[in-house]
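Going down the list, the sequences are from chains C and V. With the numbering used here applied, the first sequence closes on residue 962, and no number is skipped along the way. With the numbering used here applied, the second sequence closes on residue 496, and no number is skipped along the way.
Don't read these hints as lab results, they were simulated from the structure. Model, not experiment: these values are computed from the prediction. Hints are supplied without guarantee of correctness; some may be wrong.
In silico SDA-like links for lysine to any residue, alpha-carbon gap of 20 Å or less [unchecked claim]:
1) Lys468(V) - Gly107(C)
2) Lys215(V) - Pro839(C)
3) Lys169(C) - His268(V)
4) Lys169(C) - Arg762(C)
5) Lys936(C) - Asp237(V)
6) Lys215(V) - Asn638(C)
7) Lys732(C) - Pro268(C)
8) Lys468(V) - Ala45(C)
9) Lys169(C) - Asp237(V)
10) Lys68(V) - Glu331(V)
11) Lys235(V) - Arg762(C)
12) Lys936(C) - Leu242(V)
13) Lys424(C) - Lys235(V)
14) Lys486(V) - Ala45(C)
15) Lys215(V) - Ser853(C)
16) Lys936(C) - Pro251(V)
17) Lys468(V) - His102(C)
18) Lys468(V) - Cys46(C)
19) Lys814(C) - Lys235(V)
20) Lys430(V) - Ala66(V)
21) Lys486(V) - Gly107(C)
22) Lys409(V) - Asn423(C)
23) Lys611(C) - His339(C)
24) Lys215(V) - Glu304(C)
25) Lys215(V) - His129(C)
26) Lys486(V) - Pro268(C)
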Amino acid sequence: MFMRPLVTTLLLAASAAAGAAAAPAAERVDFNAQVRPILNRHCTACHGGVKQASDLSFIYRDQALGKAKSGLHAIVPGKPDESELVRRITTDDPDDRMPPPHEHPEGPTADEQKLLAEWIAQGAEWGDHWAFIPPERTELPSAADPWPRQPVDHFIAARLAAEGLTPSKPAPPVQWLRRTTFALTGLPPTAGEIRSFEAARRDAPDDDGAYDAVVEALLASPHFGERWAAVWLDLARYADSMGYEKDAVRTIWPYRDWLIRALNDDLPYDQFVIKQLAGDLLDNPTLDDLIATGFHRNTQTNAEGGTDDEEFRIAAVIDRVNTTWTVFQGITFGCVQCHAHPYDPFRHDEYYRFAAFFNNNADCDLRNEFPTVKVPDDPARWGEAAALRRELTEVSRQVMAPFREAASQAEWLPFEPEHFWDNKEQVDLTTAHEGGRKLIVLDGNAVQRSTYEVVGNSGLRRVEAVRVAVPLAPGDDAANPSEGFVVNKFELRLRRSGNHAPGADFENVPVRFVAVDEANSMFFSPAWGAFPNQFHPRWAILVPETPIELGDDDRLAIVLHQNQGRDGATPPVLQRFYLEVSGDPAWQALAGSSGHRDLVKRRDGIVKSLKDIPGPTMPVIRDREEFPRSTAVFNRGNWLDKGEVVAPGVPAIMPKFDPAGHPRLAMAEWLVSSDHPLTTRVIVNRVWAELFGTGLVETLEDFGSTGASPSHPALLDDLAVRFRTAHQWSLKALLRELVLSATFRQNHAVTPALLERDPRNRLLTRGPRLRLSAEMVRDHALATGGLLSPKMFGPPVKPPQPDGLWDSPYSNLKWVTAKGEDRHRRGIYTFWRRSAPYPSFETFDAPERRVCSPRRISTNTPLQALVTLNDPVYVEASQGLAKRMREHSPSLRNQLAFGYRLAASEDPEPAYLDILAAAYEDARDAYTAMPAEAAKLGGTPEAAALVIVANIILNLDPALTR
Amino acid sequence: MKSKIEHRRSNIASEASHTALLHQTRRHFLRTSTSGLGAMWLATTAGRSFGAAVSGAGATDRTDHAPKAKRVIFLHMAGAPSQLELFDYKPELVKYDGKRCPEELIKGERFAFITGVPNMLGPQHPFHQAGNSGAWITDLLPTFERSIDEVCFIKSMHTDQFNHAPGQLVLTTGTANLGHPSAGAWATYGLGTENHNLPGFIALVSGGNKPDAGKAAWGSGFLPSLYQGVQCRGKGDPILYLSNPEGVTQPLRRRALDALNEINRRVHRDVGDPETLTRVAQYELAYRMQMRASDAFDITREKPATLEAYGAAPGEESFANNCLLARRLAERGVRFIQLHDWGWDHHGTSVDKDCRVGIRNKCNEMDRPVGALLEDLRQRGMLEDTLVVWAGEFGRTPMKENRAGNQNKGAGRDHHKDAFTIWMAGGGVKPGFSFGETDPIGYKVVRDPVSLHDLHATILHLLGFDPKRLTYEFQGLNQRLTNVTKPSRVVKEVIA
């Protein structure tokens, strides 16, 4: 394997960090580190991916070197004097000067101008942005320095040495223990864990085994999955509600549980990616694999009245594209929805190639969340449910197969409509010629819940079957669908008298079977339709119980009941269709055969068996088996303005993509292929940020050329490669290396001088000291108060919260406060309603999760203080902590020390105990004078005073940080 | 009469005074904070858009030009009131009442509910001219009418969304997509607050329903979360968890905070993390907020006559109470006060939700509070530097709504994005003025169109900003309230 020597990498890093600072003229100018930032800052807003003013763009080299509208070349390699760019940025003529001084007074500095000229003089070499070049490992320096414990430490040490800095001292063991316990489980170490770790250290101070043992125990803890799932749920935009205006309840918690189990099982990250993006496409997918696809069913569903389902189906597809890029590739691909990327080499059509991977997902913004799977309550029945699901798909195919075969060969005669009737006064059916065929068309308004009756004749004496055919509206195609329709029930009637008009007496003709053109749709025959939109011509065939004998005066009536509601503007009723009949006896033979009857019976039996298994159903990703949609470019991102049709694919700048097999599965495998430059970098960076507070690339969500440059590029690349190779995609292995590193083991204390030198700890001069996340704040208080329920998994719970927070338009949803241990479950199990987040989570910077939230920004506000001081959860936790303190020892001082140790995982300074003891005494005295107040908080004045002190302890800075 | 704005006071312990993050402006971050959020902000901008950010509003002190408005009271009528019943008088429309809508009006148009060919619907309430300005106004708003000469109508508003949630997002954040900061967040980001003991941006919701856009209507989007509006409530704690727990008196709380802060200061001495000092300051701020916010939200301190004028009743969650609170908060220097009323969605799906009875009921609820607010602000000398904005998220059609092909029971109107009326008052807008015009049936704007982006640009301008220069870098773009892709302008014509 090729390895860059560390020294040059460090130099590159240093120059990258220094940004575009001018290099001495003789040195080789580095395009990525020095030139591109200048172009991005001063030029690409007008000469980039969005705008190409004067036909000039600095995104691609061929465009930058080409002839601009003026006929001149901005850049002539080797010849700065002939390069218009150099003239324009240096000229004194305000009309020619770039960037235009009246709008952009801060143009490139003199040094930057010189640098650009020098770069052109050296040949104007271009380079791909670092993040698009696959990472490579770097040779580690020899291990003469005893400080490094893990590979990552060599990079940190080398950088510190280059900066003239040294690492901080190792943290006291319990400081590391708290940091690591939170890092791996999101919880504080228990009193027992602290005690045994301290004992192990005391018994063998030179043996590192105690550290290893703690890490192994924490990695094996079931709480590991809960802690890391909380991180992933932000990315997956997981919520227990559908989002948008109505924000109704959604049952998708089995996905959350899958995530916890997958993380606990250390499912290799490549598999983790593939299952979430394409678990449904694996061979014989297990129920687990289907549940994993819930990842992309966390998109919002819009049930607001008057919204067009097709519009919001597309919005979900767009969200899947953007989320896939943000989560796995750290690229702001969302920019490309409307135009080429402003700064990075992604073309507009490439967005829609990628969208094509998701555009054939079967879901379509329906309130029923179709498609779903049953998740049995009893895990022992999961295999059964998955097998039934597969069998149902197969049997449904078999039911329709012979009819579809016959339909393709049958001869159909036109059925001539003579009369129309409907159940709504406003409906106006008539006939029209369209595409060389006489169609029945809707002339007036489409009316919800319309029943149409068409009376007519075909000249056929013996009708064996009737076909209802629905063409697309003129000009529509698989990329530009027509409004959908649903027929819920078909009837056939026979009018034998001379009076054929609707309303006259009729004989009912029983329908034996309705054969339809889609085996696995969201409707079970006899219901049939294209819903909410129609992408292809469609048909259904009605086979009567017995052939229909028609005399000259007899007329056949076909009755179509349409009862499907729809959020969108136009009701899903037939707007153009035609009817045909067949005299072929084969239809009767097919529908009447015992084989067919058995298959239908079997299908209905499977449906019932599935339904009878106790357990929820949850939305999953599944593709349309038939009638695929095609994907077109949206001009300027507008879904109503479609351009050329595109095939699934990935951007040209990215590694080659082999679309063999199913495109979406191939895309998932491509993401974790060894030459993908971003996937491993993005995940190791995210894990790094969780542990150290800031990513090696600070902009976790943006590795593009306008994102932050990596602070330690060689480390990032080395870790990215080793994550795939040495660590075999194991997140636990990666975490083991990081938490055991000397870097992570440093003391977090900082001096003013060091703070000045490295204010945000980007150089890792010390251990990380971070505020607890929203979930951790709650879990920590409950754990310290002895209240935390260890119960895992299952439906979300509703701990106490103030009244009235769930009021929202058109909703009767109520927050019914949980009873028993469900009041005290870990934060990850709290009901997550997007429009009304659990208030303390929101206050501690949790996002709403309407869309993918790649980074929480930690704040420090007075509203947070109000939560941990006054929220009843924290009052309860304070009461719980006070009780534990009281039970620990009769001595106040021991009680205070014990409480502090539980909350802060360290022994308090004696002075702290003095302060707490004084506060206790004052509170006790105050409560002695007002026993009624004491009773409200904790009982006796002594007990109430201890609750006050416990509340102080839970609000201490060392309690709120890790 | 001089306004009684409470000016900034600083009594935070000196060692922590630089860290009162909640109400700081971005310049304060740049100057003083070396870690935590301030540094985060530095890091996301420094080296890349540092110049742009500072040369934006920051290059000058606070603002780009002298502000005309110091604060904004934004009255959002969720549901979107009908301009055709309230302010946009269309006598021509009477003639078409009940007639089939001409095809050319609906060809190629998309509506939320109307399908096929609807009928036209004439104005459902009489209009008259009022005030010295002679503005046309419905008969339904007699109290508001008394202030009509303070009001500047814009009758040529348009938007690009015709569903409530996205429409309200455009109204409040400038884009139909989630994740963008609301106008109030931008204003707070740009200006901070004048009162460190209260949030700089407060949202108040009338009892009943939240707006369809949800909390995003006062969210901070990609701006740091400290700029998000704090939703305050008329019932229970005005700010969540403001009250001490049962059994904890304020002196006890004070004593506890002293101990807490003392230990935290010692922790800071040992550990050196500046965030610890920030925490000390924030706990002090929370303590003061407990006192000041309780006072600010206590409308029983108002004179009975004032309560009567607003129609306010202590203990309720109502639009009337919120209007009174808006004045109390404005007096205390809250920068952006956003009220959401609801129930203005008059489709006519039932008779009480139509443009006849439904609108009359809503006008009865709104008339006194809004009229009282304008008069109250004027009497206190606050109207001149308080910008009051009244707006729905879009307008209503001149067609009678039919739904899923069926005629609606009541005389209702569908959502309409192409024409609606808003008004502003005070804060430097032209009083007694009307701008823009729609066609004779109120369907399309025919003169001086104003987009919601233009409205945002105008609000920022009145607050002292060049709307193109109040920016924040996110995802590689210098983002701004007024949208980076669609053109927008300050509507200078409405500025006094």
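(message) Run through the hints listed earlier and report the numbers of any the structure violates, in increasing order.
(response) 6, 9, 11, 13, 21, 23, 25, 26
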